Amino acid sequence: MDPVALSNGQGKLTGFIGTLDAVLDVISVVPVDMVVNVSLAAMARHGITRKADINIYHVASSMSNPLTLQNLFELFYQHFKLWPCIDANGKPITVQKLKIVTSMEAFNDYLLREATTSSSPVKKVERPLKFMETAKYMAKCYEPFTSYHYR
Numbered sequence: 427m428d429p430v431a432l433s434n435g436q437g438k439l440t441g442f443i444g445t446l447d448a449v450l451d452v453i454s455v456v457p458v459d460m461v462v463n464v465s466l467a468a469m470a471r472h473g474i475t476r477k478a479d480i481n482i483y484h485v486a487s488s489m490s491n492p493l494t495l496q497n498l499f500e501l502f503y504q505h506f507k508l509w510p511c512i513d514a515n516g517k518p519i520t521v522q523k524l525k526i527v528t529s530m531e532a533f534n535d536y537l538l539r540e541a542t543t544s545s546s547p548v549k550k551v552e553r554p555l556k557f558m559e560t561a562k563y564m565a566k567c568y569e570p571f572t573s574y575h576y577r
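Take the working numbering: the last position of the sequence shown gets the number 577, and nothing is skipped along the way.
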């Protein structure tokens, strides 16, 4: 989600595709005790064997410490409100909370509206058509994760 966060922090992106309650499995929010416990369990299970083998473990936070898309976008907003990006003139960039758009069609319409509204951040982007294509590409890449309803 780094490109989404950065585009929002630069004041370019004001909305993104997803659902409010979509839970994101991200490694950075896994409590440290879970990581330590899994590491110890893996060492206990495979640490004493002399068999050359690769064992892969995946630890995610979705059940014990869920991070929803709505929570993530609120964290983006709080972060860039406290530590704003700086524009080319050395002034802090004011960000908006990311709006959640629920379908790709609605997101495309949203981008088009943003690009044609005079006060919109997208309208003020140096190359709005290029940015719109980038935003659509990001939405296409992240949609399976931000719009997944099932657990």
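Please note that the accuracy of each hint is not assured.
[Claimed, not checked] Taking lysine-lysine pairs in the BS3-like style, the calculated list, with each CA pair at most 27 Å apart, reads:
no. : residue 1 : residue 2
1   : Lys-556   : Lys-566
2   : Lys-523   : Lys-556
3   : Lys-477   : Lys-523
4   : Lys-477   : Lys-525
5   : Lys-507   : Lys-477
6   : Lys-507   : Lys-525
7   : Lys-523   : Lys-507
8   : Lys-562   : Lys-523
9   : Lys-566   : Lys-517
10  : Lys-517   : Lys-507
11  : Lys-556   : Lys-477
12  : Lys-556   : Lys-525
[To be verified] So the derived label-pair ranges between C-beta atoms look like this:
no. : residue 1 : residue 2 : range
13  : Glu-531   : Ile-482   : 44 to 50 Å
14  : Ala-478   : Met-530   : 32 to 38 Å
15  : Lys-523   : Tyr-483   : 42 to 48 Å
16  : Val-462   : Glu-531   : 23 to 29 Å
17  : Thr-542   : Tyr-483   : 45 to 51 Å
18  : Val-462   : Leu-555   : 36 to 42 Å
What the hints contain is simulated information worked out from the structure, not anything from laboratory work. None of the values given here were measured: they were computed from a predicted structure. Each residue gets a CB set at the ideal place from its N, CA and C atoms; glycine is no exception.
Which numbered hints does this structure break? 3, 4, 5, 9, 11, 13, 14, 15, 16 and 18
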